[in-house]
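For the protein sequence lines, the chains are V and L, in the order given.
Take the first sequence: its position 151, counting from 1, is numbered 151 in the numbering used here, and each next residue is one higher.
Take the second sequence: its position 111, counting from 1, is numbered 111 in the numbering used here, and each next residue is one higher.
The hints are simulated quantities; they were obtained by calculation from the structure and are not laboratory data.
All figures in this text were calculated on a predicted structure; none of them were measured in a lab.
Don't take every hint at face value.
[To be verified] Quick list of in silico lysine-lysine cross-link-like pairs, PhoX-like style, CA-CA up to 25 Å: (1) K663/L x K647/L; (2) K26/L x K73/L; (3) K426/V x K663/L; (4) K452/L x K573/L; (5) K663/L x K356/V; (6) K354/V x K647/L.
Chain by chain, the residues run as shown.
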Amino acid sequence: MTDFNLIPLLPEIFLSLVGMGLLIVGVSQGNVSTRVICWSSAAGFVITGLILLGIGWETQTVLNGMFVMDKFAGFMKLLILTGLVAAVGLSVRYIIQEGMERFEYPILIIFAGIGMMIMVSANNLLTLYMGLELQSLSLYVLAAFHRNSMRSSEAGIKYFVLGALSSGMLLFGMSLIYGFTGSVDFTTIGATVNNLSAIPFGLTFGLVFVLAGLAFKISAVPFHMWTPDVYQGAPTSVTALFAIVPKIAAFGLLMRLLFEPFMGMSEQWVQIIYFIAVASMVVGAFAAIAQGNIKRLLAYSSIGNMGYALMGLVAGTAEGAGAVVLYLTIYMIMTAGVFAVVLSMRRQGMAVYKIKDLSGLSQTNPGLAYPLAILMFSMSGIPPAAGFFGKLVVFNAAVASGYYILAVIGVLSSVVAAFYYLRVVKVMFFDEPADAFDGGLPFARRAILFISVLFVLGFVIKPNIFVSSSFDAASVLFQG
Amino acid sequence: MELLAVFLPLIAFAIAGLFGKKIGDKGCQFITCAAVIIAALSSISLFFNVAYGGTAYTTVLADWINSGDFHIKWALRIDTLSVVMMCVINIVSACVHVYSIGYMSHDEAKGRFMAYLSLFTFAMLMLVTSDNLLQLFFGWEGVGLASYLLIGFWNHKESANAAAQKAFIVNRVGDFGLALGMMAIFVIFGTIQFDAIFSQVPEMAETYFTFLGGEYHALTIIGLLLFIGAIGKSAQLGLHTWLPDAMEGPTPVSALIHAATMVTAGVFLVARMSPLYEFAPDALMVVTVVGATTAFVAATIGLTQFDIKRVIAYSTMSQLGYMFFALGVSAYGAAMFHLMTHAFFKALLFLGAGSVIHAMSDEQDMRKMGGIWKKIPITYGLMWVGSLALAGIPPFAGYFSKDIVLEAAWADGTWFGHYAYYMGIAAAFMTAFYSWRLLLMTFHGKPRASEKVMSHVHESPTVMLGPLVVLAAGALFAGMVFYQGFVGSAGHHGDDHGTAHVEAEHHGEEEHGDTHEPVVIHDEGAEVIHAAEDGEEEHHAEDFVLSKETFWNQSIQVLAANDTVEAAHNVPKWVKYLPLVMGLLGISLAYVFYMFRPNAPSVTVTSFKELHTLFYNKWFFDEIYHHVFTKTAFLLGLFFWKFGDKKIIDGYGPDGSASVSNKVANLMSRFQSGYVYQYAFMMMIAVIGLISWFVFKGSSAGGAL
């Protein structure tokens, strides 16, 4: 126990204490304290972020190699915490409006956050599983949080059942890996894999199962089926959370897993990821066309975006990994902005979700329409918006590694995808105005929307701030 | 000063175009007229500074394009050549603006019309003041656009729309050549800035392009490509068919665009590029032959037309032919001289014709006119002035410029120079003939219009006659006054051939003629000659030596050996007098035919039936083009549209992929059944599929199981 050093774990420990403390507050004060707890948890995330910045990011493993802290983990955790602050900020007014103002809501988000932070720091299959399950269980509950809504409950159940199935696959895959390598430790697995003269089928099967389990978490095709239903059914603030944060954690986990222990099997996993990436891009692009519900549309959009991000993994290079991190950063910020608008789609106190409901928004509420139009342009990858650069670096990485066909499919599917993004713009600007939305944009939403648009438009001015830090963070994965 | 001259019309266009509704028709008319008149006065002042003061300069306005080796600025190049053009443009434009107030008084959209006129003026000014080919091209396309808008101004008329499109499309052919020429220049010289090109021309004289296995002299190719642009814009034979149709536009438009300015852009282009053409003798030969043939063919057609505006239009084309063959024999100054005088008398003729048409209740057919000279005496008198100038009768402007053009052609001494001379002489005869045919048919004889029309015949208002008088002053004096500057020799003694140069001068403005200055000598023996510059002079200062060299001040450059304008001063007497004699003969013959022997025309027509048919049908250019190009293009277009575009491109392209996308989308959303067990099944299938893939691949690759 010589390495019993808890410093790298400080953020997680602190956040856990915050979560438990707020739980006590909630229990004793009841639901009236929800608003306070929400803002306290947001403050908790911010403080956690500050702690995270305070501890060193140099690579070190603790707890007998179960937990690793390095620049990559640090950067991803920072992203996750930012996303969580945004998600809480977006939620507060909404849960009050929807009458599901219960104190467990922010606390579940905190625990999900702890799980996600553990995921990106996992250096052991068991740590991985623990983080993942902590996250998932919190999210299952959140999906069903609107207890009075059939759809919300249905979404929760679906997510839970399918999530359990994917966890099963993940565990089965892990057991195979353990069986063939004799270890659950990433470092040992990596060494074993590298020393194998031929990769046994059993190990490949194990990897397939593990990847299937993780693909479920990032809603990649063909493990995406839950996404549209859950996105649609879950309360919109939860959907925003789903769309923004867990993807980043799951991607962090996936990248560490593939680039560290299983780098020696890249020949195998590239085939899987390649397939998943193509399928995600294509399904994300085409299926979204038929959607009339903006939440479903965003579900497919996130599926497609995961496809693009996966493309960076296929490249299998440090550039590719950096591109993925940058892509996720941009995606997260854009999505947060979009949800700020979607959450504001209310008429006479009722939330509305149809794309049709946006008709003529440019006239009835230009303050929402213009930012949303900018974000949609960015989503579809039109320069000079940030979304363009995200796609650019990913395509670049794929091309640099010789995956021309993949890049071409990516470009083509983003053309198709542009259709439904731009259709939203068209509906807002050129269709007959529908009734106006209820006014009053809460401060948090307004701030998030503003920051998001500012980022999307301003990215082009100083892209290097984000590009170099993303690439820097990802490069650690390739040092071992 | 140059900023005023160039940008005032743009500002006027912007105001009249954007706020036309607010400031009303009166406001539009006032603003555009005031702007163009001020611009005209500025150009005149510039003219004296630059042409007589010898101060050429370039004003840089802004950077335009900086890309790699390609640097372009917005700049105004103010030298004699451009100020001459600016004066012509602004003065004629000012006259036309004012005239339009009267002519368009019954029109609904006066503001729009005035705005277009100003837009045109600005674009034309950009063209002539350009410092590089791209800016020139900008102006070139700008005038094309304005021309399109103005020809089709009466857009309720089917024929006007068709004519506008025809003008635009035919011009595209020429513009294509111009664009290729620009690109070729960039390839060879690495720049399209005029000075930079010209300074490199002598070293590039022996450069060759290799194309499809052949070697071609680069400068000749460039010269020909640019000339194709000039053919289109200046309605030379081959691409001339749009010009007569363009007469569908209101008459002031015909006067401004299709007689005085835009159609001379081609002449200006070749003159501007004179340093390059001097090293491309083969290109010059083509220019000469095309110009001479145009002059002749257009004149033959002009003989037989009955529409008063079309007669003048063919006459314009013919006179442009003169200018081109003058360019072709290196007599750039003479060409510019003729361009300037022609601008005055042709604008005068057009506006006069407009006045007639106005008087005759919009009748344009000369067969339905006649016997109105007593009713509109001022118009009648002004038409005489214009016709005398056109026919080249001294002391009218056309006499001086046409003669120097013809003499230069003869003095060139080459076969094509002689060809041009004889074609020009024949055309001069026909010009005189059809001019008087026009005068006599329109104004004399028995009235052939209906009683009603005749009773309405009235002299035009002062606002229309005023500009005519200004132009008539130009048609009268511009030749005498500016002869010495534009084409005057610096004193030829015997064998000095060294350099002479052309200089032309132009600018007639309405102020009464200034005197011209005496000629002086110039040095001989220089290798490249430039146009000379002129001493400064104000109206009556007499002591310099004004000659074409001092006047042009290098804005036109001629090789010493090619200095035909200088040589033109030394041609045999008969060469000098033949044009005048032919002109007088033509006039007399017209009197015989249309005054004294009214049946002579029909007799002639019957006895030369074939020839008349050919001329009357404009040498069948339109018909040939229709069958060769239009029909083929139409059929091809139909094929590509019906089959290529609709079936293949749309079918498999946009429409096809869109409908496929929709189908795929619907299919995919059908997978989304909402049943958890199906989703789970899907996941299992996917995992099994992936594993099977590895098993299959692994076993076929002999991997270890």
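Against the structure, the hints come out as follows:
1. K663/L x K647/L: holds (19 Å)
2. K26/L x K73/L: Status violated; Cα separation ~37 Å.
3. K426/V x K663/L: holds (22 Å)
4. K452/L x K573/L: Cα-Cα ~53 Å, so violated.
5. K663/L x K356/V: holds (21 Å)
6. K354/V x K647/L: Roughly 36 Å separates the two Cα atoms, so the pair is violated.
The structure does not agree with the numbered hints 2, 4 and 6 stated previously, though it agrees with the rest.
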